[in-house]
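Peer 1: Residue-level listing of the chains:
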Amino acid sequence: MKIDKSKPIWRQIVREIKERVSRGEIKNDLPTVRALAEELGVNPNTVARAYREMEREGVIESWVGKGTWVKESSLRDLKEKMVEEEVGKFVESLTSMGLSKKEIKKLVRKIDD
Amino acid sequence: MIKIKNLVKRYNEIYAINNIDLEIEDGTFVGLVGPNGSGKTTLLKLIFGFCRPTSGEITVDGRLPGIELKSTTAFYPEYDSTYHWMKTQDLIDWYSGFFFDWNKEKEKNLIDFFKLPTHRYVAHLSKGLRSKLKLVLTLSRDAKIFLLDEPLSGIDPASRTNITSGILKAYRESQTFIFSTHIVADAEMLFERTIFMKEGNIIIDGQSDALREKQGKSMEQIFKEDIYG
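Chains as they are written, first to last, in the working numbering: chain A, 1 to 113; chain B, 114 to 342.
If you're looking for bench data, these hints aren't it; they were derived computationally from the structure. A couple of the hints might just be wrong.
[Said to hold, decoys possible] Using 30 Å as the maximum straight-line C-alpha spacing, the simulated BS3-like pairs for lysine-lysine come out as follows:
| id | chain 1 | residue 1 | chain 2 | residue 2 |
| --- | --- | --- | --- | --- |
| 1 | B | K282 | B | K228 |
| 2 | A | K7 | B | K217 |
| 3 | B | K282 | A | K81 |
| 4 | B | K282 | B | K116 |
| 5 | A | K7 | B | K337 |
| 6 | A | K71 | A | K7 |
| 7 | B | K158 | A | K2 |
| 8 | A | K79 | A | K2 |
| 9 | B | K228 | B | K337 |
| 10 | A | K89 | A | K71 |
| 11 | A | K66 | B | K217 |
| 12 | A | K2 | B | K282 |
| 13 | A | K105 | A | K71 |
| 14 | B | K282 | A | K66 |
| 15 | A | K110 | B | K330 |
| 16 | A | K2 | B | K217 |
| 17 | B | K116 | B | K257 |
| 18 | B | K217 | A | K5 |
| 19 | A | K7 | B | K282 |
| 20 | A | K5 | B | K311 |
| 21 | B | K247 | A | K7 |
| 22 | B | K327 | B | K118 |
| 23 | B | K330 | A | K7 |
| 24 | B | K257 | B | K247 |
[To be verified] Some chain B residues well away from chain A (every beta-carbon gap over 10 Å; in silico):
| id | residue |
| --- | --- |
| 25 | F304 |
| 26 | E305 |
| 27 | A323 |
All C-beta atoms, glycine included, are put in the ideal place defined by N, C-alpha and C.
Modelling step: build the complete structure from the supplied sequences, incorporating the hints.
Peer 2: Put into structure tokens, the structure is as follows:
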């Protein structure tokens, strides 16, 4: 994972975890806060904050002594949600450049060919 | 908790610390960032009790710096505090005898992690290995507060990550770390909170991620553009 130090690190960790889940690299248990902190070379409290945020969003669950894992429901939905989010951003940036939704659709169809 | 109020340290006509107010909660990993001569070392020395304030007050858990606090505070000095005529392990064994909170397991883990040769004379170690030895001497304790003065100074860029990883491994979330440096890029991801100093004053102080969010800059960029500039 490449971390951009000019943006909040905890947000990038949230994104990284979600991507790992969508790619199927994390199937159930999340790494411990300390293991991930050492892997990424970041402060464990930053990882803990990312986990807290994902727990608040309902993506993961944790129990003291049992660890942290991805919720069954988010294993299914996460990829879909992330793709939707990305498509949303993509459409937004193109409309801000003055393209209509019709034109965007046309462009996307072109990629198919 | 470390509480600092109206702190001034003057050396003759030079103000090393120019009226600082600061509070640091237990279990925070703080980066103390500033150019040479900005007062970082003086601030760490004052917290440790190596020197006394000209005016103002420092308390740690309500107590003034002194012998009692030294027993729960570990200090990593920038200067070479090792004995060159001793062998590495002998020096570590001798040094550990001074502390009730010495953790033998941490010592072993750190020696392994830094690949520190234990049966060579300190005089024969490279400067980088001597820094790692000093880190073993500092971080092997189960102290409450760790004051690290420029642990990256004199370390070549390729070895800096090894040093910061070792510090990260030794760090426990209940401990307070204050890590002074003018080399920011290699260490900033350890800092939950970053305090920028210049000419004896605190210029910027905040949660690192909040500063990133607000300014769209890394701690290194803030240092170069807003503190140095």
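Peer 1: Between K116(B) and K257(B), is the straight-line Cα distance small enough, at 30 Å or below?
Peer 2: Measuring from Cα to Cα gives roughly 15 Å; hence the hint holds.
Peer 1: Find the nearest Cβ of chain A to the Cβ of F304(B) and say whether that gap is larger than 10 Å.
Peer 2: 7 Å, violated
Peer 1: Next pair to validate is K217(B) with K5(A); report whether the Cα-Cα distance is within 30 Å.
Peer 2: 35 Å, violated
Peer 1: Does the alpha-carbon distance linking K71(A) and K7(A) stay inside the 30 Å limit?
Peer 2: 27 Å, holds
Peer 1: Quickly compare the C-alpha distance for K7(A) and K217(B) to 30 Å and report which way the hint goes.
Peer 2: Not satisfied, since the Cα-Cα distance of roughly 39 Å exceeds 30 Å.
Peer 1: Could you check that no beta carbon of chain A comes within 10 Å of the beta carbon of A323(B)?
Peer 2: Incorrect as stated: the minimum Cβ-Cβ distance to chain A is 8 Å, not above 10 Å.
Peer 1: Far enough from chain A: is every CB of that chain over 10 Å from the CB of E305(B)?
Peer 2: 5 Å, violated
Peer 1: Take a quick look at whether K282(B) and K81(A) sit within 30 Å of each other, Cα to Cα.
Peer 2: Between K282(B) and K81(A) the Cα gap is close to 35 Å, so the pair fails against 30 Å, i.e. violated.
Peer 1: Regarding the pair K2(A) and K282(B), is the alpha-carbon distance no greater than 30 Å?
Peer 2: With a Cα-Cα distance of about 20 Å, the restraint between K2(A) and K282(B) holds, given a limit of 30 Å.
Peer 1: Checking one constraint from the list: CA of K282(B) to CA of K116(B), max 30 Å. Satisfied?
Peer 2: 27 Å, holds
Peer 1: Given the proposed pairing of K110(A) with K330(B), does the C-alpha separation stay at or below 30 Å?
Peer 2: Given pair K110(A), K330(B) is violated - Cα atoms ~38 Å apart, limit 30 Å.
Peer 1: Hey, K7(A) versus K337(B), does the alpha-carbon distance stay inside 30 Å?
Peer 2: Distance of about 17 Å is within 30 Å: holds.
Hints 2, 3, 7, 9, 13, 15, 16, 18, 21, 25, 26 and 27 from the earlier list are contradicted by this structure; the remaining hints agree with it.
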